[in-house]
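Chemist: Since the structure of chain A is provided, determine the placement of chain B with the ligands on it from the hints.
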Amino acid sequence: MSAGAALEFRVAIREAIVEEMERDESVVFFGEDIAAEQGGVFAVTPGIQERFGTERVFDTPISELAITGAAFGAAVTGLRPIIEIMFGDFMGLAMDSLINQSAKYWYLSREQRSVPLVVRSAVGGGGRFGAIHSQTHATWFQGVPGLKIAFPSSPAEAKGLLKAAIRDDNPVIFLEHKRLYSVKAQAPAPGEVLPLGQARVARPGRDLTIVSAGKGVPDALEAAGQLARDDRIEAEVIDLRTLRPLDIDAVLASVARTNRMLAVEEGPATGGWAAGLLGIVAEHGLHDLDDVWLLSTDELPIPYSPTLEDAFIPGAAAIASAVRERAGVVVGR
Amino acid sequence: MTVDEQIVTEAPAAYLERYGLMLLIRLFETEMQRLFLKGEVHGTTHLSAGQEAVPVGVCSALAPDDYLAGTYRGHGHALAKGTHPDALLAEMLGRVTGVCGGRAGSMNVIDAEHGLVGCFGIVGGSIAAATGAALAAKGQGRVAVAMFGDGATNHGYFHECLNFAQVLALPVVFVCENNFYGEFTPMLKVTAGGDIAGRAAAYGIPASVVDGNDLWAVREAAVEAVARARSGGGPTLLECQTYRHHGHSKADPAKYRPPEEVERWLARDPLGVAKARLAELGVSEQELSEVEETTRARMEQAVQSALAAAYPDPAGETATEFAP
Ligand SMILES: Cc1ncc(C[n+]2csc(CCOP(=O)(O)OP(=O)(O)O)c2C)c(N)n1
Ligand SMILES: [Mg+2]
Numbered sequence: 001m002s003a004g005a006a007l008e009f010r011v012a013i014r015e016a017i018v019e020e021m022e023r024d025e026s027v028v029f030f031g032e033d034i035a036a037e038q039g040g041v042f043a044v045t046p047g048i049q050e051r052f053g054t055e056r057v058f059d060t061p062i063s064e065l066a067i068t069g070a071a072f073g074a075a076v077t078g079l080r081p082i083i084e085i086m087f088g089d090f091m092g093l094a095m096d097s098l099i100n101q102s103a104k105y106w107y108l109s110r111e112q113r114s115v116p117l118v119v120r121s122a123v124g125g126g127g128r129f130g131a132i133h134s135q136t137h138a139t140w141f142q143g144v145p146g147l148k149i150a151f152p153s154s155p156a157e158a159k160g161l162l163k164a165a166i167r168d169d170n171p172v173i174f175l176e177h178k179r180l181y182s183v184k185a186q187a188p189a190p191g192e193v194l195p196l197g198q199a200r201v202a203r204p205g206r207d208l209t210i211v212s213a214g215k216g217v218p219d220a221l222e223a224a225g226q227l228a229r230d231d232r233i234e235a236e237v238i239d240l241r242t243l244r245p246l247d248i249d250a251v252l253a254s255v256a257r258t259n260r261m262l263a264v265e266e267g268p269a270t271g272g273w274a275a276g277l278l279g280i281v282a283e284h285g286l287h288d289l290d291d292v293w294l295l296s297t298d299e300l301p302i303p304y305s306p307t308l309e310d311a312f313i314p315g316a317a318a319i320a321s322a323v324r325e326r327a328g329v330v331v332g333r
Numbered sequence: 001m002t003v004d005e006q007i008v009t010e011a012p013a014a015y016l017e018r019y020g021l022m023l024l025i026r027l028f029e030t031e032m033q034r035l036f037l038k039g040e041v042h043g044t045t046h047l048s049a050g051q052e053a054v055p056v057g058v059c060s061a062l063a064p065d066d067y068l069a070g071t072y073r074g075h076g077h078a079l080a081k082g083t084h085p086d087a088l089l090a091e092m093l094g095r096v097t098g099v100c101g102g103r104a105g106s107m108n109v110i111d112a113e114h115g116l117v118g119c120f121g122i123v124g125g126s127i128a129a130a131t132g133a134a135l136a137a138k139g140q141g142r143v144a145v146a147m148f149g150d151g152a153t154n155h156g157y158f159h160e161c162l163n164f165a166q167v168l169a170l171p172v173v174f175v176c177e178n179n180f181y182g183e184f185t186p187m188l189k190v191t192a193g194g195d196i197a198g199r200a201a202a203y204g205i206p207a208s209v210v211d212g213n214d215l216w217a218v219r220e221a222a223v224e225a226v227a228r229a230r231s232g233g234g235p236t237l238l239e240c241q242t243y244r245h246h247g248h249s250k251a252d253p254a255k256y257r258p259p260e261e262v263e264r265w266l267a268r269d270p271l272g273v274a275k276a277r278l279a280e281l282g283v284s285e286q287e288l289s290e291v292e293e294t295t296r297a298r299m300e301q302a303v304q305s306a307l308a309a310a311y312p313d314p315a316g317e318t319a320t321e322f323a324p
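Protein sequences appear in the order of chains A and B.
Residue numbering for the first sequence is 1 to 333, as defined by our numbering.
Residue numbering for the second sequence is 1 to 324, as defined by our numbering.
Treat each hint with caution, since some may be false.
Stated by the list, open to error - Within a straight-line C-alpha distance of at most 27 Å, the following computed DSSO-like cross-link-like pairs (lysine-lysine) qualify:
#, chain 1, residue 1, chain 2, residue 2
1, B, 38, B, 250
2, B, 255, A, 178
3, A, 178, B, 250
4, A, 184, B, 250
5, B, 250, B, 189
6, A, 178, B, 138
Claimed, not checked - DEER-style ranges, computed between Cβ atoms:
#, chain 1, residue 1, chain 2, residue 2, range
7, A, 142, B, 259, 48 to 56 Å
8, B, 233, A, 24, 54 to 62 Å
9, A, 186, B, 292, 55 to 63 Å
10, B, 259, A, 65, 46 to 54 Å
Think of the hints as simulated: they come from the structure by calculation, not from any bench.
Remember, it's a predicted structure, so these values are computed and weren't measured experimentally.
Just so you know, even glycine gets a beta-carbon here, dropped at the ideal spot from N, CA and C.
In isolation and in its complexed conformation, chain B is listed as follows:
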């Protein structure tokens, strides 16, 4: 069965579940925004609302023990890879029940149990982490995926790792979430040539531009790239074009983005796109709202449990500088 056939013949129920996961990420980000304003989330936070189809589509093509390296805009990366929402939210709140016990915070989440090598706060760091994970994955029959932004493609990490991975034919998929901005700066202003996918050609790596707001399109591209990686075909670069609904971080109102552009992207909200497609596939209103209800309840549970959890007690911390 070809990749296309697999995608087409898959039951709508699988997509309904993925829609639920996208909604969970959206609700998570809404809670993060609310809890940040309430002073429960500290320092800063980078929301991924609007980009949910990318991590969900990509992770749907992975086995649970495959590796993912994400970014500081990584709540969706972690949730899509299987991190429990309770543990992720507690981490954001700095609570002892957090996935890293409150030590890591929003920009540095690590969840080895679920194959999340890390969410990296250094732009480009995820690219190298996934490249290295692919070195290990090769002997383990696994695949590694790097998630990173458009801005990261101007970093040495991007160019050095694409070359490195191709030379060694590593089982890695490079997934660029091109949301057209790096902080306050438009992608085209700082990206020579303006064609991210096109950069792969210089390294002889297959690449494609993907509609990052269409779960089906992302999944299709990811299934193909992962199959290539797993069968020894080496790396792939996927440029998933998408858009963040919020500013870069916490209080950035994103005034540098033209209103028409924002409108255009909001009209193609990945959740709306998925919902319409599910309806076309014959999923009923009733089935949709059941999934939405369950997801809401799950998020509510995460909020309650995180808020009820204690802060770590510095006196009781067992941190050691070195592994024994």
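Just chain A, same shape as in the assembly:
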């Protein structure tokens, strides 16, 4: 795939897995229905078992704790597992192994062995899948030292970040927003591997900084476009790429330029990454700040009905009006 060609998000994920499995024989891939003809419920991984065989790519029983626990055991004994926990919501069933084993092993073993594994899951709302097939589990893991959490925003980002996650020697929780799977956009340069823990400026701007991750980034970019066109507000959009580690320096540098920050999270404010980010920015960047606030969801489960779900999730329109309401009068010229 050459740079410039359009790449679909789900294909970007597939290419990253294939390229890394080709590059490193110790990479294995397993999960529920991932090897079936369709390649998982979101058709992300068809053909991978045919290519690498049943020893390296296989379907498992519906046993999330066994999948995740086995990935841990395999990771500390020479394999580099990529596992799929189909919907992020099901991570509840896998948490013990990740939190109490994978995340702690490197430290507790006094660096005897690292835990190179990747847990891929589909996350996010907007698909009318209801309260337990729409959550974003990142913040369930936010406060666990030893875990990395990646949340790509585009096909190119997905490919580069997943390749990095597979090569990383730490457990990486990898979030794939459902409503990005069918997005087609520019492919990355061949072989590109993105750093974990380094945010990027997705759009430069001088009037305020909008920080997000995953689907929040294209939403913020769309909102920024509307604000530039209709309100002559130039928003800078920061794509965090990873929620753990958080690239505080990149955010502070942007806030130093714009003096205003909005963090957009598809999830409740309490205990969310956005609220945590606000705290850190206030602590370290107070002298640069004129305003700082966040756009999140209600403190409620995600509703099913289209009218309720649409009102619940902060999309581009909600971001744009949040900026207009809060800062439009002050910022607009």
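Modeler: Positioned in the frame of chain A, the structure of chain B with the ligands alone reads:
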């Protein structure tokens, strides 16, 4: 009177009514398919057509205030337990008149009034919900039933709850709807030993394999298991073998299933099996078609009322995070 005698001496009219309920579930699923394609049902949906005899047979053995915990393939579970078709369909359509006001949707229906603890979207979740309901049911003279698939028997929920329920002698019936597939994966490929009912032996729980497409067989097994539970005899595992007529969810064409296998199961459609048996018992064509007519009219009414209902207005939502 023994369980067998009860079943045998029961008037055919009771079975005719149960046949009507099975047909209602079938018609409901047909409407779900149609309304999904029209964009009225959102996200995804899991149809249970082909499996109707299991929930109807099981619920026929329950009292109205007994508990049932079902799954995301749960339209039949809810209807068999007594959820009103209008309220269930409206929920699927995300309308404000839905049994959960449109908040829950297809995979998460809850209807406490009818003893439906919930239809759980997490595989295995129903097993724990019913186990817990049995803890409460014990002091209430009630029984709890868990419905779950073959795939769920590989989950920690299954093994932990069977052990837990037996240790505490809980009044619970574990009903596995073995339709031989979990999503796109054949049961035998991911189930060590291949014998689901056989797993109960490890926990000292009585179990049997049941023809899940035969209403009479399901009812008989359920009546016995429920009687055991209610009289303090503890849990039972019923492996009801059946088959889904559709794919796993919405647009899954189920190409992974061999055509001969599908044919074989379609030939044993639980509705056809029940109809033939009713005829044998002397139920007339006329009586059958009367029940079919009434059921069709009932379903049609549900569709009309659900489609006429409003969507919830986010501004008017009264949701609170916490119970007061
Ligand atoms: C804990 C959990 N893991 C995975 C899933 C995704 N999933 C939904 S249905 C299903 C297959 C379940 O198969 P089975 O238990 O046989 O029930 P059936 O769908 O055949 O009725 C899977 C894997 C889920 N909902 N919950
Ligand atoms: Mg099944």
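Chemist: Each hint needs a verdict: does it hold in this structure or not?
Modeler: Hints versus structure:
1. About 12 Å separates the Cα atoms of residue 38(B) and residue 250(B), which keeps this hinted pair within 27 Å; it holds.
2. Simply put, residue 255(B) and residue 178(A) have alpha-carbon atoms about 24 Å apart, close enough for the 27 Å limit, and the pair holds.
3. With a CA separation close to 16 Å, the supplied pair residue 178(A) and residue 250(B) stays within the 27 Å bound.
4. Restraint check: the Cα-Cα separation between residue 184(A) and residue 250(B) comes to about 24 Å, which is no more than 27 Å; the hinted pair holds.
5. Under the criterion of a C-alpha separation no larger than 27 Å, the hint pairing residue 250(B) with residue 189(B) is consistent with the structure, at around 23 Å.
6. Taken as a hint, the residue 178(A) and residue 138(B) pair is broken in the structure, with Cα atoms around 43 Å apart against an allowance of 27 Å.
7. Remark: the range hint 48 to 56 Å for residue 142(A) to residue 259(B) is upheld by a beta-carbon distance near 49 Å.
8. Between residue 233(B) and residue 24(A), the C-beta spacing of about 56 Å keeps the proposed range 54 to 62 Å intact.
9. Our hint of 55 to 63 Å for residue 186(A) and residue 292(B) holds, since their Cβ atoms are close to 58 Å apart.
10. For residue 259(B) paired with residue 65(A), a C-beta distance near 36 Å fails the hint of 46 to 54 Å.
In terms of the numbered hints stated before, the structure departs from hints 6, 10, listed from lowest to highest.
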